[in-house]
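Trainee: Produce the complete structure using the sequences and hints provided.
Quick note, the sequences are listed as chains C and Y, same order. Residues in the first sequence are numbered consecutively from 1, following our numbering. Residues in the second sequence are numbered consecutively from 1, following our numbering.
I should point out that these hints are in silico values taken from the structure, not numbers from a laboratory. C-beta atoms are modelled at their ideal positions from N, C-alpha and C, and glycine is treated no differently. Just so you know, not all the hints are guaranteed correct.
Not the full set, but computed from the structure, chain Y residues with beta-carbon under 10 angstroms of chain C [as the list claims (entries may be wrong)]:
1) LEU13
2) TRP118
3) LEU120
4) THR138
5) ALA193
PhoX-like mimics (lysine-lysine), calculated; alpha carbons at most 25 angstroms apart, straight line [claimed, not checked]:
6) C:LYS637 to Y:LYS99
7) Y:LYS91 to C:LYS445
8) Y:LYS164 to Y:LYS91
9) C:LYS637 to C:LYS300
10) C:LYS637 to Y:LYS164
11) C:LYS524 to C:LYS445
12) C:LYS52 to C:LYS524
Here are the computed distance ranges between Cβ atoms for each label pair [unchecked claim]:
13) Y:VAL110 to C:SER613: 21 to 29 angstroms
14) Y:LEU163 to C:ILE67: 17 to 25 angstroms
15) C:ASP569 to Y:ILE84: 45 to 53 angstroms
16) C:VAL250 to Y:ASN124: 16 to 24 angstroms
17) Y:GLN165 to C:GLY29: 41 to 49 angstroms
What follows is the residue order along each chain.
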Amino acid sequence: MTRPPTDRTLPADVTISEDDIARDARALGVVWSEPPGFWGWLTTVDHKKLGKRLIVTSFLMFLAGGIEAALMRAQLSRPENSLIGPDRYNQLFTTHGTTMMFLFAVPVMTAMGLYFVPLMVGARTLAFPRLNAFGYWNYVVGVVFLYVSLFVNMGPDTGWFAYVPLSGPQYSPGHRVDVWAQVVTFTEISALAGAVNVIVTAFKMRAPGMTVNRIPIFVWSQIVVAFMIVFAMPAVATASTLMLATDRAVTMHWFNPAEGGDALLWQHIFWFFGHPEVYIIFLPAMGMITPIIETFCRRKVFGYTPIVMANITTAFFAFGLWVHHMFATPIPELGQSLFTAASILIAIPTGIQIFCWLATMWMSRPQLTVPILFVLGFLFTFVNGGITGVMLASVAFDKQAHDTFFVVAHLHYVLLGGGVMPLFGAIYFWFPKMTGRLLGETLGKWHFWLFTIGVNVTFFPMHILGLEGMPRRMYTYLEPTGWGPLNLVASIGAATIAVSVLLFLINVIATMRRAPNAGPNPWKSSGLEWSVASPPPSYDFLYAPVVESRHPLWDTTIDLPVLTGFRTDRREVLVTTTFSAEPDSRHEHPTPSIWPFYLALCMGVVFIGSIFSPWFVLGGLGLSIIGLAGWGWSGTKPTHHERVATPVAVPERA
Amino acid sequence: MKTFRAAGTVGELPTVTFGNRSLMWWGTLGFMVIEGWTSALILAAYLYLRQNYDSWPPLTIPYPSLLIPTINLGFFLLSIVPAIFAARAAKQLDEARVKRWLIVQCVACVIPLVLRWWELWALNARWDTNAYGSAAWTIVGFHTSLLVLDVIDTLGLTLFYFLKQMPVKAFSDVADNSFYWYFTVGAWVVIYAIVYVGPRIL
Chain C
1 MTRPPTDRTL
11 PADVTISEDD
21 IARDARALGV
31 VWSEPPGFWG
41 WLTTVDHKKL
51 GKRLIVTSFL
61 MFLAGGIEAA
71 LMRAQLSRPE
81 NSLIGPDRYN
91 QLFTTHGTTM
101 MFLFAVPVMT
111 AMGLYFVPLM
121 VGARTLAFPR
131 LNAFGYWNYV
141 VGVVFLYVSL
151 FVNMGPDTGW
161 FAYVPLSGPQ
171 YSPGHRVDVW
181 AQVVTFTEIS
191 ALAGAVNVIV
201 TAFKMRAPGM
211 TVNRIPIFVW
221 SQIVVAFMIV
231 FAMPAVATAS
241 TLMLATDRAV
251 TMHWFNPAEG
261 GDALLWQHIF
271 WFFGHPEVYI
281 IFLPAMGMIT
291 PIIETFCRRK
301 VFGYTPIVMA
311 NITTAFFAFG
321 LWVHHMFATP
331 IPELGQSLFT
341 AASILIAIPT
351 GIQIFCWLAT
361 MWMSRPQLTV
371 PILFVLGFLF
381 TFVNGGITGV
391 MLASVAFDKQ
401 AHDTFFVVAH
411 LHYVLLGGGV
421 MPLFGAIYFW
431 FPKMTGRLLG
441 ETLGKWHFWL
451 FTIGVNVTFF
461 PMHILGLEGM
471 PRRMYTYLEP
481 TGWGPLNLVA
491 SIGAATIAVS
501 VLLFLINVIA
511 TMRRAPNAGP
521 NPWKSSGLEW
531 SVASPPPSYD
541 FLYAPVVESR
551 HPLWDTTIDL
561 PVLTGFRTDR
571 REVLVTTTFS
581 AEPDSRHEHP
591 TPSIWPFYLA
601 LCMGVVFIGS
611 IFSPWFVLGG
621 LGLSIIGLAG
631 WGWSGTKPTH
641 HERVATPVAV
651 PERA
Chain Y
1 MKTFRAAGTV
11 GELPTVTFGN
21 RSLMWWGTLG
31 FMVIEGWTSA
41 LILAAYLYLR
51 QNYDSWPPLT
61 IPYPSLLIPT
71 INLGFFLLSI
81 VPAIFAARAA
91 KQLDEARVKR
101 WLIVQCVACV
111 IPLVLRWWEL
121 WALNARWDTN
131 AYGSAAWTIV
141 GFHTSLLVLD
151 VIDTLGLTLF
161 YFLKQMPVKA
171 FSDVADNSFY
181 WYFTVGAWVV
191 IYAIVYVGPR
201 IL
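Mentor: So, in structure tokens, the structure goes:
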């Protein structure tokens, strides 16, 4: 029997020759290649292509949500404005919130993980590449569904949290709320698929030597968030798909008090998801900050363990705060006190992380590039949002500020300061890795300053407006309220944000028209992702890197140690043990497939069709069986040369 | 650019593994956690609604019937046996025995699915009767979706084994299919206890 082709199996401590490297790269290039053209675009399972596509799609959603925000700010810029009527305004603020939370913030943070986790842990791809494609296509179905609905005047209009009874069948007839409930379903499927992928990749596919205490902090944040998604997303799936949609479609009574249902049940389940959701957005952003600070301060981060523990602690606390969104409902006093305490407590782990970063930067000479400017902007803006968060944790204050613009100010300071600013920094930081090109620094600095100023000019006045009693979600206000001038200032700030984002887009487009100029490691950073070409090859790593420290590229000064011996006639990845990351097995990975796309379309038939008739559910599930069969069939190609490890003693097949 | 130093080889590592050494086992576990947690949340909501009523089920509704659900619980528990033997045969790479036990497993998992229809009506309330009916139907209905998925997986895997030459790594899939079935049965034991027996106690 002939042996399968493999890359070099060399004795230890031999430097691999350039000829061998070129030969292995050619072989892997063929095995990991994908079909060209439109078919290749539909069938790709490359985590980098899908990750980049998810980043771009979610940025398009950021622009869409931004346009909605700009329209709302235009309407509110002066009292008794008639630019947008109340019905359209309701659809706008609902679509804005839904877009920003479900279609931009969570997907873009997940996408950064789906792109970078394999590269940072030294794996050739994600654990489940086809599941990744399935998640992406589900997300696209949700995006298209929401925006087609908006343009045919069927956009959801009961807020991004769709409180019952307003969103129930009695007060919201028609299909607008159904659209919201099912858009949420698609994003849940997508997020859950991504979370399982990240967890298994980070647990089982780390490079040899990357023990638990050497996992990069960005990857830690993605692991923690993936676990949060696993426990938070089922709550909103239960609330929207299994309860609200069924109340509306088949006359269930979950939220109908006349038949023993309970409107507050919605708030409990929604916010059990909704509050962790904030940290699902925020924690990946925190994970992005550490490598940026390390790189531009040229220092290893102070307090690796406290930062990781703070991430995990934040995740636990995040599930114990949801009732602070419900202080204006009849919650027992003991419950109020408990959730007040928990809401204040969560500031502590966040504070620990911030102090660790300050300690890292202390007495260093940061190189003030755009990524670290955004980190500094984050520190200033987010801390302000955090402080108003602690204020809102107090029941007495919350009852005064509830549903006013003070809350709008708080949440935007937290989400733009704590989420979007680090994200922009991360895009500038990792853009060269993804494209091979460095974004322009001058335009980048304009982007940073206009964005930071814009955010503060837009949202700071809202604190005052809120304290003066201006309620959220109203399409206009009367002149005697005196709210006109501050609203005008906020609208000018929003225009400034719009200009800054426009400059960012110009920067991206101009950079993409230039020739690649980055090289593998333009910032001289320390993570494994910087050891491969920019953009990385289809197989990510030619050989399995061996990790000897937390900062492999800083601490390994001569040759990078690697493991060889992989087969080069199929897509093979290395599986390692969970904690100590010792090499354990090789795993054959799947090739491109149309079935994830097909199955996502079937999910579209099921969930979108369910709004109109239950028969679509049966039809869609029937079509899904074809997809599942195709997926399974294409994954069971007979192979030879397997080596088998089983708990029962069985001779190896070789 | 740095060069590479060969520090060892992976050529001797196995390419087919079982249990927690296999990626698919971890993926299956992930989805079990998601589905188990979703079931737990619906059960929590069911118990939350209990406080809106003086009696549970509400006065006009009889207790859920126990005959069919209890018989079906027996079938569920029995169905674990072929799942265990199929997994064991898979780990021994014994294709003939895997095929035999998969056929038994198919029969063993289709029976509870068929009986599920009567099990739903044994709740003695419709989904639109009141909130109690909605909650009970949602829990049992959600578990039915898991059941359907696992039945499709088992039937599909069995069919594949008889239609084509399966790769060695498919043995690992057979073991994972059994793993998922244990979860489906385990989840049902909890749901049966709360939804069918629970109202007599709550």
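Trainee: Each of the hints needs a verdict: does it hold here or not?
Mentor: Evaluated hints:
no. : hint                                     : verdict
1   : LEU13                                    : holds (5 angstroms)
2   : TRP118                                   : violated (20 angstroms)
3   : LEU120                                   : violated (14 angstroms)
4   : THR138                                   : holds (6 angstroms)
5   : ALA193                                   : violated (20 angstroms)
6   : C:LYS637 to Y:LYS99                      : holds (18 angstroms)
7   : Y:LYS91 to C:LYS445                      : violated (60 angstroms)
8   : Y:LYS164 to Y:LYS91                      : holds (20 angstroms)
9   : C:LYS637 to C:LYS300                     : violated (47 angstroms)
10  : C:LYS637 to Y:LYS164                     : holds (9 angstroms)
11  : C:LYS524 to C:LYS445                     : holds (21 angstroms)
12  : C:LYS52 to C:LYS524                      : holds (23 angstroms)
13  : Y:VAL110 to C:SER613: 21 to 29 angstroms : holds (28 angstroms)
14  : Y:LEU163 to C:ILE67: 17 to 25 angstroms  : violated (52 angstroms)
15  : C:ASP569 to Y:ILE84: 45 to 53 angstroms  : violated (36 angstroms)
16  : C:VAL250 to Y:ASN124: 16 to 24 angstroms : holds (18 angstroms)
17  : Y:GLN165 to C:GLY29: 41 to 49 angstroms  : violated (30 angstroms)
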